[in-house]
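Chains as they are written, first to last, in the working numbering: chain B, -17 to 196; chain P, 177 to 746.
Take the hints with a grain of salt, since some may be wrong.
[As the list claims (entries may be wrong)] Partial selection, computed: residues in chain B whose CB lies under 8 Å from chain P:
1. ASP5
2. TYR144
3. GLU166
[Unchecked claim] Short, incomplete list of chain B residues facing chain P, as computed with Cβ under 7 Å:
4. ARG(-16)
5. LEU(-9)
6. VAL3
7. GLU6
Source of the hints: derived by calculation from the structure; they are not laboratory data. No experiment lies behind these values; they were computed from the predicted model shown. For every residue, glycine included, the Cβ atom is placed at its ideal position computed from N, Cα and C.
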Amino acid sequence: MRTVSSLFLVVVVTFLGYWLVLDERKHSKAIAYTQRGDVLSELKRYDEAIEHYRQAINIKSNYVEAYNNLANALGKKGKIKESIAYYNEAIRFKSDYAEAYNNLGIALSGLGQFEEAIEQYQKALEINPDLFQAHNSLAILLARQGDFSGAIEHYQQAITFYPGFAKAHNNLGSALAGQGRFEEAMVHFKKALSIDPNYIDARKNLELARSLLR
Amino acid sequence: MLPKSRILQVGKMGNLSLDKYTVVRILPKSRSANEFLHYKKKPMQPRINPQKTCFLLTAGIFLAGVVLVRLRLLGLPLERDEGEYAYMAQQLLQGILPYTEAHSMKFPGIYFAYAGVLAIFGQSPVAIHLSLLFVNLATAFLLFLLGRNLLGLSAGVAAGVSFGVLTLSPALQGVWANSEHFVLLPAIGGILLLRTAQDRPARFFFSGLLLGCALLIKQHAIFFCLFGVMYLGFRVVTQPQLFKKPFLGCGLFAAGGLAPVIFIALLYGVTGNFSDFWFCTVQYATEYVAMTSPDSGFANFKYNFAQILESNFPILWLSLLGLASMAWRKEVGQEYLFLIGFFVCSFLAITPGLYFRPHYFLLWAPALSLLAGAGFASLVSISSPRLKTVVPVAILTLALGLSVLMQKEFFFTLPVIKATRLIYGLNAFPESLEVAQYIRDHSQKTDKIAVLGSEPQIHFYSQRKSATRHLYMYPLMEKHTYARQMQAEMMQEIEEAQPKFIVVVNLSGFWVSPGSSPTLKDWAQDYLNSEYEISGVVDILSHEETIYKWDERGYLPQSRYHLLIYKRKI
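With the hints as constraints, model all of the structure from the sequences given.
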């Protein structure tokens, strides 16, 4: 009996190994298609990139990076609704995919669905609090809703994680100015300009803050 | 007066109706009673045993093949881990302790081992890979001894040769001198000594010492030490008759094991560098092993193990059979317990951090090879006695031959550069040689350089000190408590050292991950634009073609895989 069960175990493990090798081959192929898609996206050849991502998904139906990158490429082509569907697919397969939540937030924001976008950014930040882009995007929407203190908090988080984030400095300056804190606002406009001296919006905001302070 | 143990040994021969005192007189002092019996039977055996000769010849052919392949691939360019070990060893030979001028999370044993290699064989990739050949052969020999001790001669031979072939596999990156190879030699030596220790105190001590040395080479070896402790404990409890002084044996084993660790702690304490050592090897290392989620860890294991399985399935299938043969080979029950314990502990040794990098699997290879030896012996044991010459040779040839056949291109035909490309893609390992040559030709020995990437081999080849303690970019871009502090350190150290050359390695956005803060990248752009000018471009176009442009202005790299060599403006 022991011999029979041990031989049965050998057969089962052999099949398991065979499945593992086949799955790895599929995975390698899917990675290759996705990487090629990434290069094509970089070259702005989005139609070809989309085709490659779709091939990757055909080979490995739960390959989340391919869904996310396909959605990004579709977004660049202006097909935002379709891209939202693919971000959702990526999240369905990997519920802690912070980048996909962030990208979904951007897409929803693009369609004017701000409440839903805020929800997605918050989910992204719950998973990865270091995601400075999500802090900035969330802060922009909060400021739009008039929640300046919430916005300021997230802009500050964004520049804590990425001190060279010129846009976040400028946005933080704007939020502070919105609260009448012009001196503090000027510090951040100046910081944005020191990072990027060609940042026209920051220069205009600085001049406006100066004139309002007088 | 005869020693008690000898009288007891002789007593065992009572059923041969020999007078025990007569036997003691006949036996030379060094011979045991069993050896004496063997000695008496010897003249009756034929001088040449054809079964054994054919089998050993087959094993010898495979072992010679392993040596030939390793010799053919001696000139492989160093990969980044080898580069790190070689650079740190180079520094060590100049009297600079690891962690003082370069960070690494690995324990320092590997740097001492490499320093020995560089001092004996010279400072080149060939020298390093030649030392690997010796280390690998020595480990295979120790594994043969262990296998023979556990399961008999043929199983030992099969285990040793399987280890040689398995650890040659490109799927395990076995032809590069990774630290795992250097862990295995003392670890297997220590375990073998422990197995044969019994009442010899020196063996307990040296067994512990060797396992301690293995731990000092890489933290993962803690699981081999754990196996040693468990095995010793198990034997003391289940076979107390073998140990006259069990506490002495255990104490000596523990003393031997702790000796290398205490030595290193004292060395760093006395030289005032203990905090650097502690930060690198304990504090940061703790963060490093906690970064991968179980899901990603499982995916890593699946992906890398599948590749190993694909190219070595005959050997691994033999290992599986060895594991299953426990069911019908009841005569070796205790030995199977040893094998299973060793198998589990070796597997645990590849798990820290859940990265499951291909070369981590080398730590599992001895256990898999021993099980392959057991599988081989069990197959031979159930074969027909009339086929006793053919079966062992056929099994060994099939298992090892198929593995070799599946990897024949890498083993026998690919030139060293193409072999490197096959495993590491467009990583700049071959190009590092030429970059280092340029730097050496255009700088003084006292000049420093920096590499913004993870290519420490450039420091080793060029024999130029690093301007920063951070030889790798990975730790700076990962998500952990110390990442930002490390980035700030690197920027400050480079600005203070004003290195003559800075090499920026762009391997498809290699060292800046999308989720991480681009602070370092922004700093690098500003700093390089203001203080440096491009003096060389290495454009890696494909596996076959790389364009080198030295002191030529205006060349824009075409590939996403390229190196920019910046020279400090005068």
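Against the structure, the hints:
no.: 1; hint: ASP5; in the structure: holds, 7 Å
no.: 2; hint: TYR144; in the structure: holds, 4 Å
no.: 3; hint: GLU166; in the structure: violated, 23 Å
no.: 4; hint: ARG(-16); in the structure: holds, 4 Å
no.: 5; hint: LEU(-9); in the structure: holds, 6 Å
no.: 6; hint: VAL3; in the structure: holds, 5 Å
no.: 7; hint: GLU6; in the structure: holds, 3 Å
Hint check: a violation occurs at hint 3 only; the rest are consistent with the structure.
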